[in-house]
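Can you make the complete structure from the sequences, with help from the hints?
Chains as they are written, first to last, in the numbering used here: chain A, 1 to 279; chain B, 1 to 308.
Keep in mind that the hints were calculated from the coordinates and are not lab data.
Worth double-checking, as some hints may not be accurate.
Here are the computed lysine to any residue pairs in the SDA-like style, where the Cα-Cα straight-line distance is at most 20 Å [said to hold, decoys possible]:
| hint | chain 1 | residue 1 | chain 2 | residue 2 |
| --- | --- | --- | --- | --- |
| 1 | B | K107 | A | G190 |
| 2 | A | K65 | A | N80 |
| 3 | A | K178 | B | E165 |
| 4 | A | K178 | B | Q86 |
| 5 | B | K107 | A | K71 |
| 6 | B | K135 | A | M274 |
| 7 | B | K135 | A | T276 |
| 8 | B | K107 | A | R185 |
| 9 | B | K135 | A | F277 |
| 10 | B | K135 | A | T197 |
| 11 | A | K71 | A | I257 |
| 12 | B | K107 | A | E188 |
Sample of chain B residues lacking proximity to chain A, with all beta carbon distances greater than 10 Å (derived) [as the list claims (entries may be wrong)]:
| hint | residue |
| --- | --- |
| 13 | T23 |
| 14 | Q121 |
| 15 | L187 |
| 16 | L238 |
| 17 | P267 |
Ideal placement from N, C-alpha and C gives every residue a C-beta, glycine not left out.
Here is what each chain is made of, one letter per residue.
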Amino acid sequence: MTSSLRFRAAIVSVVLFAAFIGIWHLATRQTASVANMSPEYAKLMGVTATQGKSAMPGPADVGAKLWEHLKRPFYDNGPNDKGLGIQLAYSIGRVGLGYLIAVFVAIPLGFMIGMSPLISKALDPFIQVLKPISPLAWMPLALYTIKDSSISAIFVIFICSVWPMLLNTAFGVASVRKEWINVARTLEVGTIRRAFTVILPAAAPTILTGMRISIGIAWLVIVAAEMLVGGTGIGYFVWNEWNNLSISNVIIAILLIGVVGMLLDQVLARFTRMVTFPE
Amino acid sequence: MTDKFISVEGIAKRYPAVGGGTTTVFESFWLSMARGEFGCVIGHSGCGKTTVLNILAGLDEPSEGTVIVDGQGIEGTSLDRAVIFQSHALLPWRTVLGNVAYAVTSKWRSWDRAKVKAHAQKFIDLVGLTGSEHKRPSELSGGMKQRVGIARALSITPKIMLMDEPFSALDALTRGTLQDEVRRICLETGQTAFMITHDVDEAIYLADRIFLMTNGPGAVLAEVVENPLPKDRGRIDLHRHPYYYALRNHIVDFLVSRSKTFAAENPTHDPRHVPVVRPGKPELVIAAVSEDSQQASWPGLSRPSTSS
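This is how it looks when you write it as structure tokens:
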């Protein structure tokens, strides 16, 4: 039953994908009429003008380009010509670092907020104001104070991924069932041991959910941040290829951003399943 | 009472009421229990039974009065007083063994793994869960979960076992089996136990003395009923004992009518010297009780009076 459902769903997916590729192919066929121009002028113009080819690459062009990239993911021909593997590695590195710093700040702080109503009430106005700020709005301030574009990007990742983790940790810790706390109390379990043996496992699914939201946001933000700071990374690659008017490369980058984002989400989803307990 | 192993001395619980003033849940609550005794508190919802138990456990603090256990005033929770929670309160991310072992390591910090495991296993065997050590609470039935709760409470060898309606969420059959288990364990180990219940038959079967509380707010301990049934009573022939219906009717009558009117009818009630009643043995009724309650205490000794 389930396997047949999965099989039928797979067929529908393949059909949809084939239809998409087909429509894409038809839409980017050579259609426009070729203007009559002198050969010298034609040299200045691209294939769009000389051969009537659409500026939008077809699926075959993108596929060929993608294959080229996949064959050599780690080449480095100078600042503006690096393999996609290197660009992605820069982006993942920045996200990883900013995210990790956010984990180390948000989870202990979230524990404090969740366990102490005083701290919770005292910090609430700050969190409420800081949380809705677009992470990119911090960029100029970060660039001015840190004076390093790469670290500024990491800071932006940190600031955008800290809030979901902080709020989820605080919520998870504050809503640990009273009876579990009472079990620990009647067993004279100390505060530290209680935090690690009762509150942490009880709040872990909520905390991991926050971490999963955060990694998604961080991956969304890194592309925009790298477009701003430039230099390296998949976001910079997208912008650079736009300036080169290489739509094929832009499409490939978009595809890879999606794939990497999905993988990051899957990793966190797996961790979440590991700490989830059936009641 | 010669041996006051547990002595509850004049505790009260008050909350600030809406719009000023205070609401008194219960007050002047005096009670004492001997070592190895099984005490049951019966009363309607809202009379503060659970609060009394939480105060005994150290999870709650009384507004007035103190509780003395084994010659020492209690302060906060203690490993000497184990609690069996109504909702079993097992840690769902731990196995059966893990839950019991958590309690064992909390009491004996320096024990190594093998010693903790052996000790925990002993109590899992005692409650009849051998073979389910590595199951998680979600894989167990309600009755089995509560058995783990009992094993966890017993494993720290407490001076008192406190039970807050431990079987009220279980079906009648499971409840009966677990009552048998608890009674067997308490008799075998000489465990002192204090239990809250709604179930009159549970109290009659398990308790040596039954504490009747009036309705809240402003609840008081109205009577202490001594169980006249023999110590070796069995579930099967409990209701054939000549004193059974006298005892049962007395408690039911209290719950149905006297719990509401007790305070008005007994203006001279002294909460420090609560009347001790022994239904079925009229000569042992010590304190003055009102006319109708004496009638309730002496129905036909062998037959229940169903029509009245």
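| said: Going through the numbered hints above, which ones does this structure break? Give me the numbers in ascending order. | reply: Hint 5 contradicted; others consistent.
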